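Please model the complete structure; the sequences and the hints are all you need to start from.
2 protein chains.
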Amino acid sequence: MSDLPKTVRINEEGPREGFQIEKGPITTAQKISLIDSLSETGLKQIQTVSFVPAKNVPGMADADDVAKGFTRHPGVAYTALWLNARGLERALGIGRLDINGTLSLCASESFLLRNQKRTFEENLQAQHEMVAMYRDHNVPVVRAGLQAAFGCNFEGDIPLPRVLEMVGQMLDIGQQYELDLQYISLADTMAWATPLSIKRVVGAVRDKFPALDISLHLHDTRGMGIANAYAGLEMGVAIFDGAVGGLGGCPFAAHQGAAGNVCTEDLVFMCQEMGIETGIDLEKLIESALLAEQIVGHPLPGTIMKGGTLSRLREKIRARTSDVVAGNA
Amino acid sequence: MSDLPKTVRINEEGPREGFQIEKGPITTAQKISLIDSLSETGLKQIQTVSFVPAKNVPGMADADDVAKGFTRHPGVAYTALWLNARGLERALGIGRLDINGTLSLCASESFLLRNQKRTFEENLQAQHEMVAMYRDHNVPVVRAGLQAAFGCNFEGDIPLPRVLEMVGQMLDIGQQYELDLQYISLADTMAWATPLSIKRVVGAVRDKFPALDISLHLHDTRGMGIANAYAGLEMGVAIFDGAVGGLGGCPFAAHQGAAGNVCTEDLVFMCQEMGIETGIDLEKLIESALLAEQIVGHPLPGTIMKGGTLSRLREKIRARTSDVVAGNA
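Taken in order, these protein sequences are the chains called A and B. Quick note on numbering that gives the first Met the number 0: the first sequence kicks off at 0 and runs consecutively. Quick note on numbering that gives the first Met the number 0: the second sequence kicks off at 0 and runs consecutively.
No lab work stands behind these hints, which were simulated from the structure alone. Note that this is a predicted model, so its numbers are computed, not measured. No incorrect hints appear here.
Identical copies look the same in the list; a pair holds intra-copy or inter-copy alike.
List of simulated lysine-lysine pairs, DSSO-like, C-alpha gap at most 30 Å: (1) Lys-116 / Lys-315; (2) Lys-315 / Lys-22; (3) Lys-5 / Lys-207; (4) Lys-198 / Lys-315; (5) Lys-5 / Lys-198; (6) Lys-283 / Lys-67; (7) Lys-54 / Lys-116.
Put into structure tokens, the structure is as follows:
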């Protein structure tokens with residue numbers, strides 16, 4: 000019936016995804032407090048900031064201070080995002096981030112032209128230059144990502160053969176430079192995926208490249224985030240990106256409404272209730288989500304932070320039942 | 000891989016589920032305007048009001064006026080809810096509602112005692128009395144419903160054998176009185192279901208009673224609504240309750256947060272994008288959702304009403320592409 004994994008790893012993107020799109024102002028101290036709170040939850044990877052020009056993403060103007068200010072927690076990888084050598088050098092200069100390289104293609108040329116002012120061909124060429132840049136800085140390239148893998152607000156549906164071709168292009172680059180690519184991330188950047196297309200695309204990638212681990216980066220703009228994650232789990236996907244509270248969204252994707260990543264704690268809730276281990280303390284993660292909501296100053300789309308966990312309810316029910324049995328009711 | 004149905008029927012419960020829990024005040028004219036708007040969407044069944052004492056559910060004090068005031072649309076069944084003979088007689092007295100009877104059991108005795116002040120045994124006995132009442136009024140009994148089929152805020156997880164036993168009890172009553180039961184509704188009244196438990200419970204009911212159609216009544220309190228609907232679709236479930244905008248929630252279920260039914264237009268969006276026919280005009284349904292939001296005066300949890308449909312985006316993209324081809328860009 001399904002192929003649910005036993006354990007799942009969730010990479011938290013809330014601090015980066017979230018704070019880049021919020022109007023703010025959000026103080027450096029607040030950003031640091033959220034990262035510190037997330038560090039206590041059992042998450043193994045937290046994307047902290049993005050090193051991009053402040054004129055493009057004003058919410059990341061204090062990226063250096065945030066990256067220097069949080070408290071590192073043993074066993075947690077603290078990552079960051081950059082788009083070029085200048086960004087990578089800033090990240091390396093911090094001296095306390097976990098720096099890994101990513102190959103990145105985009106399945107929509109329309110989005111690529113708008114977002115990065117590159118054609119498919121130019122973007123493919125740029126990956127070779129990125130690999131050279133990573134080599135120059137002794138940075139391992141461990142991940143390949145495909146943006147807009149399920150559809151694009153500017154281009155529409157993405158043909159499956161194009162997805163397979165682009166995954167193949169990244170694997171070819173990996174082979175050419177002997178990179179240790181650990182997984183491919185398929186990103187539903189503009190929330191076009193449905194559970195059915197998740198199954199179709201993940202299934203086709205898995206069939207063509209059976210040795211490759213797949214991760215999903217999902218957005219909840221059209222309410223399909225958790226259902227899409229479930230479809231991914233059923234296809235054996237065991238790595239997901241999430242954003243605490245459902246923070247975030249890409250400022251260049253022409254999103255309407257709730258544009259955020261799939262909500263980390265809702266995803267953790269679903270996994271735990273289905274017997275899938277995440278290593279995350281859900282109650283602590285909800286505290287982080289409530290902190291995030293307090294920081295941004297408006298309601299976040301996460302639901303478990305409002306609806307409450309079932310484990311907490313089960314405890315209450317057990318306590319009441321014990322009282323009754325002990326004659327205390 | 001899955002057993003997705005080709006067509007799905009969605010019973011709209013927004014007017015009843017929604018307006019019973021809203022603090023209001025919501026005028027009779029506003030309630031009527033929402034029902035009239037929903038009548039234009041292609042929905043085949045709309046639950047309009049509940050005939051319960053105004054002291055218990057103040058938001059339904061004007062149920063008679065609402066039920067008399069909306070415009071009947073050909074091909075749409077306008078239903079209502081009642082809990083006893085007094086309520087049924089009020090509903091029949093309106094003279095323009097589509098009156099069908101329902102057998103109803105509850106899988107949690109704790110919830111039953113709180114909500115209806117009955118034990119399991121008393122509730123089972125009450126079904127026989129309800130059948131007699133329906134016979135007295137020449138009302139066909141076409142549906143059996145099991146509340147709290149997936150878990151209960153007061154009792155915890157519900158053992159699967161109990162679900163199967165209670166479905167069997169209702170089918171036995173159906174046989175005893177030669178009722179024409181058309182389907183069984185499994186209700187996740189307090190939002191305990193996950194996609195996995197949907198599959199387990201629906202699968203077990205389907206295996207034990209293969210001739211029976213199953214419908215799902217889902218709540219989104221813990222963010223699992225759409226994922227649970229998807230799991231139901233994969234099990235071949237082709238009848239769902241929904242509430243426009245995600246309105247609603249049961250006032251007696253001790254919900255926290257967004258307590259509403261699964262959002263009708265989000266469900267329709269998922270079905271349409273996966274090639275499942277609903278007969279519903281999604282853009283019109285979104286207009287109804289926006290009207291509902293305006294009526295209740297606070298944001299509703301629905302996402303497609305904010306994020307926009309993909310069919311609308313595809314049209315825009317096609318129009319732009321034609322312009323370019325025609326040299327108008």
